[in-house]
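Using the sequences and the hints, build the whole thing.
Protein chains: 2
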Amino acid sequence: MSDQKKTTDAKDESELLGLRDEIDRIDGDILQLISQRAKCAERVAEVKLKADPEHAVFYRPEREAQVLNRIMAANPGPLANEDMARLFREIMSACLAHEKPIEVAYLGPEGTFTQQATKKHFGQWVKSRPMPAIDEVFREVEAGAVQYGVVPIENSTEGVVNHTLDTFITSNIHICGEVELRIHQHLMAGPNTKRDKITRIYSHQQSLAQCRKWLDAHMPHAERIAVNSNAEAAKRVQGEWNSAAIAGELASELYDLDIIESNVEDSPDNSTRFLIIGREEVGPSGDDKTSLVVSMRNEPGALYNLLKPFKEFGVDMTRLESRPSLTGNWTYVFFIDFVGHTSEENVQKTLASLKQTAADVKVLGSYPKGVI
Amino acid sequence: MSDQKKTTDAKDESELLGLRDEIDRIDGDILQLISQRAKCAERVAEVKLKADPEHAVFYRPEREAQVLNRIMAANPGPLANEDMARLFREIMSACLAHEKPIEVAYLGPEGTFTQQATKKHFGQWVKSRPMPAIDEVFREVEAGAVQYGVVPIENSTEGVVNHTLDTFITSNIHICGEVELRIHQHLMAGPNTKRDKITRIYSHQQSLAQCRKWLDAHMPHAERIAVNSNAEAAKRVQGEWNSAAIAGELASELYDLDIIESNVEDSPDNSTRFLIIGREEVGPSGDDKTSLVVSMRNEPGALYNLLKPFKEFGVDMTRLESRPSLTGNWTYVFFIDFVGHTSEENVQKTLASLKQTAADVKVLGSYPKGVI
Chain A
1 MSDQKKTTDA
11 KDESELLGLR
21 DEIDRIDGDI
31 LQLISQRAKC
41 AERVAEVKLK
51 ADPEHAVFYR
61 PEREAQVLNR
71 IMAANPGPLA
81 NEDMARLFRE
91 IMSACLAHEK
101 PIEVAYLGPE
111 GTFTQQATKK
121 HFGQWVKSRP
131 MPAIDEVFRE
141 VEAGAVQYGV
151 VPIENSTEGV
161 VNHTLDTFIT
171 SNIHICGEVE
181 LRIHQHLMAG
191 PNTKRDKITR
201 IYSHQQSLAQ
211 CRKWLDAHMP
221 HAERIAVNSN
231 AEAAKRVQGE
241 WNSAAIAGEL
251 ASELYDLDII
261 ESNVEDSPDN
271 STRFLIIGRE
281 EVGPSGDDKT
291 SLVVSMRNEP
301 GALYNLLKPF
311 KEFGVDMTRL
321 ESRPSLTGNW
331 TYVFFIDFVG
341 HTSEENVQKT
351 LASLKQTAAD
361 VKVLGSYPKG
371 VI
Chain P
1 MSDQKKTTDA
11 KDESELLGLR
21 DEIDRIDGDI
31 LQLISQRAKC
41 AERVAEVKLK
51 ADPEHAVFYR
61 PEREAQVLNR
71 IMAANPGPLA
81 NEDMARLFRE
91 IMSACLAHEK
101 PIEVAYLGPE
111 GTFTQQATKK
121 HFGQWVKSRP
131 MPAIDEVFRE
141 VEAGAVQYGV
151 VPIENSTEGV
161 VNHTLDTFIT
171 SNIHICGEVE
181 LRIHQHLMAG
191 PNTKRDKITR
201 IYSHQQSLAQ
211 CRKWLDAHMP
221 HAERIAVNSN
231 AEAAKRVQGE
241 WNSAAIAGEL
251 ASELYDLDII
261 ESNVEDSPDN
271 STRFLIIGRE
281 EVGPSGDDKT
291 SLVVSMRNEP
301 GALYNLLKPF
311 KEFGVDMTRL
321 ESRPSLTGNW
331 TYVFFIDFVG
341 HTSEENVQKT
351 LASLKQTAAD
361 VKVLGSYPKG
371 VI
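If you read the protein sequences in the order shown, they are chains A and P.
Oh and the first sequence: position 352 is 352 in full-length UniProt numbering, straight run, nothing missing.
Oh and the second sequence: position 161 is 161 in full-length UniProt numbering, straight run, nothing missing.
There may be inaccurate statements among the hints.
For identical chains, the list gives no copy identity; a pair is met inside one copy or between any two copies.
[As the list claims (entries may be wrong)] Keeping only pairs whose Cα atoms sit at most 20 Å apart, straight-line, the calculated PhoX-like set for lysine-lysine is: (1) K50 <-> K11; (2) K349 <-> K362; (3) K235 <-> K311; (4) K369 <-> K308; (5) K213 <-> K308; (6) K48 <-> K11; (7) K100 <-> K48; (8) K194 <-> K235.
Please keep in mind that the hints were generated in silico from the structure rather than gathered at the bench.
Okay, structure coming up:
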């Protein structure tokens, strides 16, 4: 018996050694290929710089999206498509930084979700700079101090980021891309709170709804109290020894609460959406979205007139958001996202038709759909 | 002339298309190889799990260090060794996470340098959990709630992190690795401060020294005032319209200062060192360091007796740090780092000799030298 065990161990050991050798061989091949790729990127930069030393652009959002989409389509496994795309994002980021690192301004401070989104979209080699306010991100991009900016636009728990929307109305910036981050919810309480003594749980109503199953299973007797925001929930819990909050990690740090249980959301689709903004328009990648601001006069049938061209030309609207007009002259302002690129014929027809009925139509940008 | 330009453009265009095709082909090959690598890692996990379902360990610090060192030695360029190693770190991180993500506790909050160090060492796929204090990181590791912990140990500006050293004395945790992060210094001031009006610059003395050349060249007329810490410098500047501070990015956020100029340090070797801690000892990688705590009685020749064995057996000491003994019984406690692994003969001889003269010798761990 002992002998048999030994034989199996020896067999295992030799298989492990063989696998290790194979991994080393594969790594050597990957090393050569990444180096070849970096050499190609070097040559691309040379050609572009020779053609236009002043305005050579090395980073093309549509090209990156195409590469990632192609990689995911051809991915044989076992790694998930998202993981493989993230690896290629880093390979592209390293190759690009070898030519010229991308400089990006984002809504700071450091350590926020917007910084995470910046790295997710541009890779670890990006040079990112935190800005204290959304308009300052816009300003840095407009002034040419950075190539791109990253701002939050939509949170599945708290809705749209109105300040970002409003800034688009008055700015000449283009949307060049989008990126989503998954946001986790945690149960948190003060350091002296015992889990079995918790009788009240505060959170935003949507967060409570998102964690309902977990709460039913694990805290069935605690009262659930909806408050205005998750940050307010965390703040309230500070003064109460028998209550807990459901909120994001940042709130636990801000209000010095301990995380009792991580990731208590029932479904993992709680996400925040960010936009990449830049000075240049982005060509079609083959899988694009377009964002518009449309002003409509406040008259009967305005919304119907707005929606009609999309239906007529078969353009798929993915978001419609209305905002009070800042000029206050009795118009509505709508933010619209739809599938397609302004270079496509049905999109052009839709826009032409919209322009006939709307007070104003402003294309914020066509850009590749968020890849990972 | 115009015609000639056109021909060049067409030639450039066709070369760019060719390069793009070549990059696509290379990407396809990299995709296949990474997938093969992930399959090998899957098989390694199967074999290990079959042999020991309870204690199978998928992450081996010494093996990772060997892979990275081999990659850097074989790197043909043009990417820098550090960039290539970072890419392979991510490839390993993704393959490992496909089997079982590593869970790591670090000194929080999120967004700190310790989190950056955690991601640098374990890659983006690590599951990391912020802890409010250094001893809690130790406790999580000891309790088995996480596999590894990451704590700061040394800052080239502000010296050693004594709290981490002290925790090692009373803990049974092993050091499994080290990682360095480069820290940048910035010139910062309040939002109403004009750069040409700055007459005073506050910072820690070491930071002022590190930025001396930059200050001589760009702010020759501003008075330099040394204060206790960079954070204090930033705080002082808050109330003064004609002064600036040199400090890290976090200080600018904490005290709402604008960064006037980034990376003003003269040499880029301003770094902070972090330790990876775990429950298991790490085998030799071929390029290792060992950390010790040695207690010596307060008697004549103690320091000489401490140093002698290292010299005798040719062991290269890289750091010697003395701390007051916490037990207060008239002994000195020394923290020592040296090059080598406890499995090496000269190291074993050194330790045996040390044990004859020292009151106590505790090996904190042998671990691979920080690779990137």
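- Message: So, against the hints stated earlier in the document, which numbers end up violated here?
- Response: 3, 4, 5
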